[in-house]
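Engineer: Next come the chains, spelled out residue by residue.
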Amino acid sequence: MTTSTTDRVSPRVRGGARPPGGPTPVPSARRRRIRWQPAWLFMAPSLLILGVFVLYPILRTLYYSFFDWSVGAAVQPFVGFGNYIKLFQDPSFWNALGVTLEFTVVSVVLLIVLGLLTALALQSEGLASRITRSVFFFPTIVSLATIGLVWKFLLDPDIGLVGGVTKALGLAPVAWLQSAQLALPTLIFVSVWRSVGFAMILFVAALQGVPGERYEAGRLDGAGRFSLFWYITLPGIRPTMLFATMMLTIQSLQVFDLVYVMTGGGPLYRTDTLVNLIYRDGFVNFETGYAAAISWVLFALIMLISLLQLRIFRYNDVD
Amino acid sequence: MSTSATATRTSPGRPRAGRAGLRAGAALKWMYVGVGFVLALIPFIWMVSGSFRSEADLYQNPASLFPTSITLHGYIGVWQQLPFLRLLLNSFVFAGVTTALTVLFDSMCAYALARLRFVGRNVCFVLVIATLMVPFQVTLIPVFIQLFHLGWLNTYEGLIIPRATSAFGIFLFRQFFMSIPADLDEAARIDGAGHWRIYWRVIMPLAKPAIATVAILNFTNLWNDLLWPLVITSSNDMLTLPAGLTLFGGQHVTDHAVLLAGATISLVPIAIGFFFAQKYFIAGVATTGLK
Numbered sequence: 278m279t280t281s282t283t284d285r286v287s288p289r290v291r292g293g294a295r296p297p298g299g300p301t302p303v304p305s306a307r308r309r310r311i312r313w314q315p316a317w318l319f320m321a322p323s324l325l326i327l328g329v330f331v332l333y334p335i336l337r338t339l340y341y342s343f344f345d346w347s348v349g350a351a352v353q354p355f356v357g358f359g360n361y362i363k364l365f366q367d368p369s370f371w372n373a374l375g376v377t378l379e380f381t382v383v384s385v386v387l388l389i390v391l392g393l394l395t396a397l398a399l400q401s402e403g404l405a406s407r408i409t410r411s412v413f414f415f416p417t418i419v420s421l422a423t424i425g426l427v428w429k430f431l432l433d434p435d436i437g438l439v440g441g442v443t444k445a446l447g448l449a450p451v452a453w454l455q456s457a458q459l460a461l462p463t464l465i466f467v468s469v470w471r472s473v474g475f476a477m478i479l480f481v482a483a484l485q486g487v488p489g490e491r492y493e494a495g496r497l498d499g500a501g502r503f504s505l506f507w508y509i510t511l512p513g514i515r516p517t518m519l520f521a522t523m524m525l526t527i528q529s530l531q532v533f534d535l536v537y538v539m540t541g542g543g544p545l546y547r548t549d550t551l552v553n554l555i556y557r558d559g560f561v562n563f564e565t566g567y568a569a570a571i572s573w574v575l576f577a578l579i580m581l582i583s584l585l586q587l588r589i590f591r592y593n594d595v596d
Numbered sequence: 043m044s045t046s047a048t049a050t051r052t053s054p055g056r057p058r059a060g061r062a063g064l065r066a067g068a069a070l071k072w073m074y075v076g077v078g079f080v081l082a083l084i085p086f087i088w089m090v091s092g093s094f095r096s097e098a099d100l101y102q103n104p105a106s107l108f109p110t111s112i113t114l115h116g117y118i119g120v121w122q123q124l125p126f127l128r129l130l131l132n133s134f135v136f137a138g139v140t141t142a143l144t145v146l147f148d149s150m151c152a153y154a155l156a157r158l159r160f161v162g163r164n165v166c167f168v169l170v171i172a173t174l175m176v177p178f179q180v181t182l183i184p185v186f187i188q189l190f191h192l193g194w195l196n197t198y199e200g201l202i203i204p205r206a207t208s209a210f211g212i213f214l215f216r217q218f219f220m221s222i223p224a225d226l227d228e229a230a231r232i233d234g235a236g237h238w239r240i241y242w243r244v245i246m247p248l249a250k251p252a253i254a255t256v257a258i259l260n261f262t263n264l265w266n267d268l269l270w271p272l273v274i275t276s277s278n279d280m281l282t283l284p285a286g287l288t289l290f291g292g293q294h295v296t297d298h299a300v301l302l303a304g305a306t307i308s309l310v311p312i313a314i315g316f317f318f319a320q321k322y323f324i325a326g327v328a329t330t331g332l333k
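Residue numbers (our numbering), protein chains in the order written: chain E, 278 to 596; chain U, 43 to 333.
Only chain E is shown next, with the shape it has when bound in the complex (with noise of 0.2 angstroms):
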């Protein structure tokens, strides 16, 4: 590994204090020019991929916001804020923002309390915790699309599992996802069945970070188990707390798989996320400039809501 043919200078250049009585010093402007050209290399794929398909994207969504754009309209007549003011009169817009928060509300509940629960019983290595933990992680893994359906098909008051096992109890097996009232609690059921071990994990890993003398401290002290639980462990795994509330907020603000497949917004549009509403209006009803809009307040609200908790958490670490 001796060859110096493949590198010019930069290999004096970064260590260029090093070799006793080495080269004399480059030239400082030439000095800098070698010593970022190969970093900007190594960037540039992902620098250019991430520049054309996501930043430059989310400015484009901003300007098409404000034209009654469509694709393939011979006329797309600038509105300036007519989308949104359009959108704010929008029932369907409303209702959604309803269904989203209600669904994400509901479930990141459901996710943190479970998750944690279940990384409570399950955090010690043993084989039997660590076969189980395998299992409650495996659907994280699943496609959204493949257990939408196969709970779908579960769910069928004909042919499921469940109507099955309700009818063989002598009971009248129940529409879940006909019915305005339960379709939303059944997809919430559903996206909290899959993420539980995905929750799980991340408070596992938390868990087993806190440093066991605390709790031998806690012990001496005389704290009780709640104590412990309240006064060492909860404080001891904020930050993954933080780190889970958000990503599970963020994810499940976009929901839209289970949607699509289970429901497709329906019935009645009770199940009718924004995401799913983007999808109809930019992909199905092509009004590229109102799911644009919509694109943009979803941006907006997952900012706040993230910022949001950011303080929250932080608010709670001062005292």
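Note that these hints are calculated values from the structure, not bench results.
Misleading hints may appear alongside valid ones.
[Claimed, not checked] Restricting the straight-line Cα-Cα distance to at most 20 angstroms, the calculated cross-link-like pairs of lysine to any residue (SDA-like) are:
no., chain 1, residue 1, chain 2, residue 2
1, U, K71, E, Q400
2, U, K250, U, G138
3, U, K321, E, T417
4, U, K71, E, S411
5, U, K71, E, R407
6, U, K321, E, E402
Following the hints, put chain U in place on chain E, whose structure we already have.
Structural biologist: Relative to the frame of chain E, chain U by itself:
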């Protein structure tokens, strides 16, 4: 934090309580875990068993978890009613090529961010992390239009290239690279190795756990993705497995066993991967949560 260091520690300090409380607590705990265990597994068992059941069997014995008689018509149906091989090929090309490119690009970018010093490094890192916060749906419409103008809709390029890097991967690689001692590249540099050689010969061989984690998480996400292929492809020839199953499930196929067979097949690669490489799946998730 290195990726593998997360799951190894036992917890020495589990709170202890009185004997009776402990007993009741343990019983409650194992009941809870048992119910969860059953609840987690039954849908998958039912899915696989359902793929071998006839439509009549499903209607007559909905309360049964297992087939009364095994039939392969679901699998035959998948073969006949869906462009199945094509969907499978598309899924493999999409998830496989994209993952390979992502691992390469992300690790290169992370190498620069973790091991090189240059003007604008922090700005770049912040920019990369900022893209993590952007919901994918916000960029979907303009990306769709960009691909339309490029003529990339319904092509592999269109499916693959926009997804060929992930901020999450860059982040994970960067964390891992920072934990590799700097002396190693100093030594290589004194031996006359250039940046590319250091990256490829020194850093990457040491980064196998990070590579495995990024590759596995990416492959799984891409394999499972529904919205992206649904939007970028419209011809049946370019659909991936989840998108194809979903679209056909709504339109052409009314037989449950066929759809369950399709779902079972699409689950197989992920399930096999999980069986053999669980620790990378779990390490990937656990590491991200720690910091």
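Engineer: Under the criterion that the straight-line Cα-Cα distance not exceed 20 angstroms, is the pair U:K71, E:R407 satisfied?
Structural biologist: OK: U:K71 and E:R407 at ~15 angstroms, within 20 angstroms.
Engineer: Quick one, are U:K250 and U:G138 close enough, alpha carbons at most 20 angstroms?
Structural biologist: With a Cα-Cα distance of about 18 angstroms, the restraint between U:K250 and U:G138 holds, given a limit of 20 angstroms.
Engineer: So if I understand the rule, the pair passes when the alpha-carbon distance is 20 angstroms or less; does U:K71 with E:Q400 pass?
Structural biologist: Holds: U:K71 and E:Q400 sit about 12 angstroms apart, inside 20 angstroms.
Engineer: Holds or violated: U:K321 with E:T417, Cα cutoff 20 angstroms?
Structural biologist: Distance of about 14 angstroms is within 20 angstroms: holds.
Engineer: Are U:K71 and E:S411 close enough, with their CA atoms no more than 20 angstroms apart?
Structural biologist: Holds: U:K71 and E:S411 sit about 17 angstroms apart, inside 20 angstroms.
Engineer: Under the criterion that the straight-line Cα-Cα distance not exceed 20 angstroms, is the pair U:K321, E:E402 satisfied?
Structural biologist: With Cα atoms ~13 angstroms apart, U:K321 and E:E402 stay inside 20 angstroms; holds.
When held up to the earlier numbered hints, the structure conflicts with none and fits them all.
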